[in-house]
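**Student:** The residues making up each chain are set out below.
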Amino acid sequence: GAGVSQSPRYKVAKRGQDVALRCDPISGHVSLFWYQQALGQGPEFLTYFQNEAQLDKSGLPSDRFFAERPEGSVSTLKIQRTQQEDSAVYLCASKGKGVGGEQFFGPGTRLTVL
Amino acid sequence: AQRVTQPEKLLSVFKGAPVELKCNYSYSGSPELFWYVQYSRQRLQLLLRHISRESIKGFTADLNKGETSFHLKKPFAQEEDSAMYYCALERLNSGYSTLTFGKGTMLLVSP
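Residue numbers (this note's numbering), protein chains in the order written: chain P, 758 to 871; chain W, -5 to 105.
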């Protein structure tokens, strides 16, 4: 079946622009995670959704970052007034029911802020 | 706070040589650990988790709570093992869990 998909795959933004990154999780997956992966680093947790509820946003680096999942499926990560330090790969992952277990990752969106 | 340390950025070996990718963690709770792998031009995927005690593609990893380690081992490396490997620690919250990743180790297996 289809895995996690993300769009766009690549995004170039000028500093100060707003961007929106989309994630389509595996159908039926309750849990959805967003990660930020800077160059040479491992993925770092940003936020977590259980269905449409955002249960954890402790990893969002600033109030310029906002995520939503209004119908419990597709999720959007929005970054306002982008800055150069926002340049990274943004990964989305989804997981089925239950605590713990394998997360299935999307291909990521590479964001470059000029 | 939980932390995962992978001390080696790059590990280069010849085909047929043994491989050990190191992972150390710090966590106050009962640890659940994973190894994820990313092959060239592919997405991050689960390689193995300690609780399953499986051997995947010839790789094994043993959780050593005394040394707080979860090293990944393979007795005879193959060229197709060349990839980026990430160790990850699962943190349990109220009704859900999140992952903390190490910085990763690039494994290069030469012919």
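The hints are simulated quantities; they were obtained by calculation from the structure and are not laboratory data. Glycine is no exception: its CB is placed at the ideal position from the N, C-alpha and C atoms. Treat the hints with care, since some could be wrong.
Unchecked claim - Coverage of chain W stretches by chain P, computed from C-beta distances (three or more under 8 Å per stretch; other residues unrestricted):
#1 7 to 19
#2 62 to 74
To be verified - Partial list, derived from the structure: chain W residues whose beta carbon lies under 10 Å from chain P:
#3 2
#4 26
#5 51
#6 53
#7 80
#8 81
#9 82
#10 86
#11 103
**Student:** Taking 10 Å as the limit, does the beta-carbon of residue 26(W) come near enough to a beta-carbon in chain P?
**Tutor:** Holds - the Cβ of residue 26(W) comes within 10 Å of chain P, reaching about 6 Å at its closest.
**Student:** Interface hint check: residue 80(W), Cβ to nearest Cβ on chain P, cutoff 10 Å. Holds or violated?
**Tutor:** Residue 80(W) check passes; min Cβ-Cβ to chain P is 5 Å, inside 10 Å.
**Student:** Okay, the segment 62 to 74 of chain W and chain P, do three or more residues pass the C-beta test at under 8 Å?
**Tutor:** violated (count 0)
**Student:** Once the shortest beta carbon distance from residue 81(W) to chain P is found, is it less than 10 Å?
**Tutor:** Holds - the Cβ of residue 81(W) comes within 10 Å of chain P, reaching about 8 Å at its closest.
**Student:** Min Cβ distance, residue 53(W) to chain P: is it shorter than 10 Å?
**Tutor:** violated, 16 Å
**Student:** Checking hints one by one. Is residue 2(W) an interface residue toward chain P, by the C-beta closer than 10 Å rule?
**Tutor:** violated, 13 Å
**Student:** Given residue 103(W) as an interface hint, is its Cβ closer than 10 Å to any Cβ of chain P?
**Tutor:** With Cβ-Cβ at 21 Å, over 10 Å, it is violated.
**Student:** Does the nearest C-beta of chain P fall within a distance shorter than 10 Å of the C-beta of residue 86(W)?
**Tutor:** holds, 7 Å
**Student:** Under the criterion of a CB-CB separation shorter than 10 Å, is residue 82(W) in contact with chain P as hinted?
**Tutor:** Constraint on residue 82(W) satisfied, holds at 8 Å.
**Student:** For the restraint on residue 51(W), tell me whether the closest CB of chain P is nearer than 10 Å.
**Tutor:** violated, 16 Å
**Student:** Within the assertion that chain P covers the segment 7 to 19 of chain W, do at least three residues meet a Cβ-to-Cβ distance smaller than 8 Å?
**Tutor:** That given contact is violated, which follows from only 0 residues of the segment 7 to 19 of chain W lying within Cβ reach (below 8 Å) of chain P.
Checked against the numbered hints given earlier, the structure breaks hints 1, 2, 3, 5, 6, 11 and satisfies all the rest.
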